[in-house]
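Undergrad: Sequence:
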Amino acid sequence: MKGYLAGYFGGDHFFMYIPDDEQLINLIYKTIRSYIGIHSQNEGFLPIIGIYPITEKHPDTATMCNNAQLAASEIKGNFNKRICYFTNEIIDQLEKEQQMLHDVKVGLENKEFTFYLQPKCNSITGAIVSMEALSRWISPSRGFVSPGEFIPFLENNGMITALDTYIWDAVCQTLAYWKKDHLYVVPISINVSVADIETINVPEFLQDLIIKYGLTPEMLLVEITETAFSENNIIVRKTIDQLHQYGFCILMDDFGSGYSSLNMLKDANVDILKLDMKFIEMNPENRQKGIQIINSVVNMAHKLELPIIAEGVETPEQIEMLHSMNCVYAQGYFFFKPMPVADAEDLLSNVPHEHYNHAHKAVSDDTTVTEPKSSVELLHETTVTHSIFKILAENFLLLARLNLSNAEYEILKRDYRLHGKELELEHNFELYNRRILNENLIHPDDVELYRSRITLSSLQDIFFGGHKQLTYQFRRCLDNDYISTTMEFLAGNKCDAQNPWIVVIIREKTV
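Going by the working numbering, the sequence shown opens with residue 486, and the numbers climb by one from there.
Hints listed in this document are in silico derivations from the structure and should not be mistaken for laboratory results. These figures come from a predicted structure and were not determined experimentally. Among the hints, erroneous ones may be present.
Unchecked claim - List time: in silico DSS-like cross-link candidates among lysine-lysine, alpha-carbon distance up to 27 Å:
#1 788 - 898
#2 723 - 953
#3 979 - 898
#4 697 - 596
#5 953 - 898
#6 898 - 561
Said to hold, decoys possible - Pair ranges (Cβ atoms, derived):
#7 836 - 949: 49 to 57 Å
#8 580 - 720: 45 to 53 Å
#9 789 - 538: 55 to 63 Å
#10 641 - 901: 17 to 25 Å
#11 542 - 515: 53 to 61 Å
#12 827 - 913: 49 to 57 Å
#13 802 - 517: 47 to 55 Å
#14 726 - 504: 20 to 28 Å
#15 531 - 506: 51 to 59 Å
#16 579 - 538: 16 to 24 Å
#17 531 - 981: 21 to 29 Å
#18 907 - 928: 55 to 63 Å
#19 531 - 953: 38 to 46 Å
Quick reminder that beta carbons are idealized off the backbone N, C-alpha and C, glycines included.
All chains should be modelled from the sequences, with the hints used to inform the complete structure.
TA: Shown next as structure tokens:
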């Protein structure tokens, strides 16, 4: 275009000198995106545009290009916003981050970082079974810095492993002190991130600490977040295998907060599950859904003979609900807030202790689960509970929950190979199916069958009429080709307008 300038700056970076015209900018974005769609199969690869508006008093060209890049960097990871204008706030934020980076480095050198301990308890007896070490930063200049502020910053800047290894060493020092002074030693769990696993040999590092401080592996528990299993499953599994060889106990942290929990559990060789209660808000709008999820996970853990700890427990109502499901262990503000080590030592001298297996044996020996109360009764023996073990034993492409009364559709797990960009964000079953057909994700020869059978009214007639299972076969678009799939709908013992949830499963059809 005459009067415009464009330049290539290496990699996938380009700069353009054009009029500040919103329509023109949007046209450029759409054009680039269309070319990407033609030449790339990666649906997650989208252009980003950072803009520096030129004023009468403008800096030199290099600075303007740099500012445009800074604006573009604000977009990365945000799929809802792909165009960003430069503002002075971006510079202010950059300066704050640079100051934070300096303060963190000084803090690590001056040992400003420490850890607090939060007990994990037997919610029936009140006994402490373990404690979790949680990083804290008490800065002379900043005061008490929230972990929600400095931990994400360290993760984004590649410094989290420096903090984690520092905390692990400090925890082992504390355990060695307890042992030397004949204090009662409960295990302390440390947090290990996928960044730690990718940066250092975690099993070797922890084994060296155990030897250095004269401890046993049973005294140091290892918590790995659920997201680590989905981000780099192979290296995480190898790390867990090596940790087990050294005798360490592994906890899967935040279990239930990710989309792939059910699928990954059959491959994750962990010893204890920590159920994330924070993603369940106990309010009238989603109370039943939350209870159903927790009940399914707890029942599954009992069947797999895995101890389970509910974390983030804050109310008597949550405790009552967990007891009704025979969930023994819990951690959260209802029992104790994170506390300094000295306070934890005082607590241990006054509160009874026990090992996980003591209470877990009671759960295993008594398979009778107390009948849930009030609204929990409506969700007893949920759909997910009935089908979970079959699901865990087989590979599947999609797992979802469907409310037959209001068409609410919640995708719990979706294979990345399934075509249909951002379909998992569509929460209305009828709109979801409309997109499936409009985007040609069903083989043309199967469209009429899909259109006539996979409707809310048809499913209501079938399941509210007493049926428990329904199976169809369709050819679905996968990896740029149509493959034969089995689509299953599963209901619980009771399915009606008051108990409308069913499970939807899509699997590759096997010969």
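Undergrad: Against each hint, give a clear statement of whether it holds in the structure.
TA: Structure-based check of each hint:
no.: 1; hint: 788 - 898; verdict: 21 Å, holds
no.: 2; hint: 723 - 953; verdict: 40 Å, violated
no.: 3; hint: 979 - 898; verdict: 24 Å, holds
no.: 4; hint: 697 - 596; verdict: 20 Å, holds
no.: 5; hint: 953 - 898; verdict: 22 Å, holds
no.: 6; hint: 898 - 561; verdict: 24 Å, holds
no.: 7; hint: 836 - 949: 49 to 57 Å; verdict: 51 Å, holds
no.: 8; hint: 580 - 720: 45 to 53 Å; verdict: 36 Å, violated
no.: 9; hint: 789 - 538: 55 to 63 Å; verdict: 58 Å, holds
no.: 10; hint: 641 - 901: 17 to 25 Å; verdict: 24 Å, holds
no.: 11; hint: 542 - 515: 53 to 61 Å; verdict: 33 Å, violated
no.: 12; hint: 827 - 913: 49 to 57 Å; verdict: 54 Å, holds
no.: 13; hint: 802 - 517: 47 to 55 Å; verdict: 52 Å, holds
no.: 14; hint: 726 - 504: 20 to 28 Å; verdict: 59 Å, violated
no.: 15; hint: 531 - 506: 51 to 59 Å; verdict: 21 Å, violated
no.: 16; hint: 579 - 538: 16 to 24 Å; verdict: 18 Å, holds
no.: 17; hint: 531 - 981: 21 to 29 Å; verdict: 44 Å, violated
no.: 18; hint: 907 - 928: 55 to 63 Å; verdict: 22 Å, violated
no.: 19; hint: 531 - 953: 38 to 46 Å; verdict: 43 Å, holds
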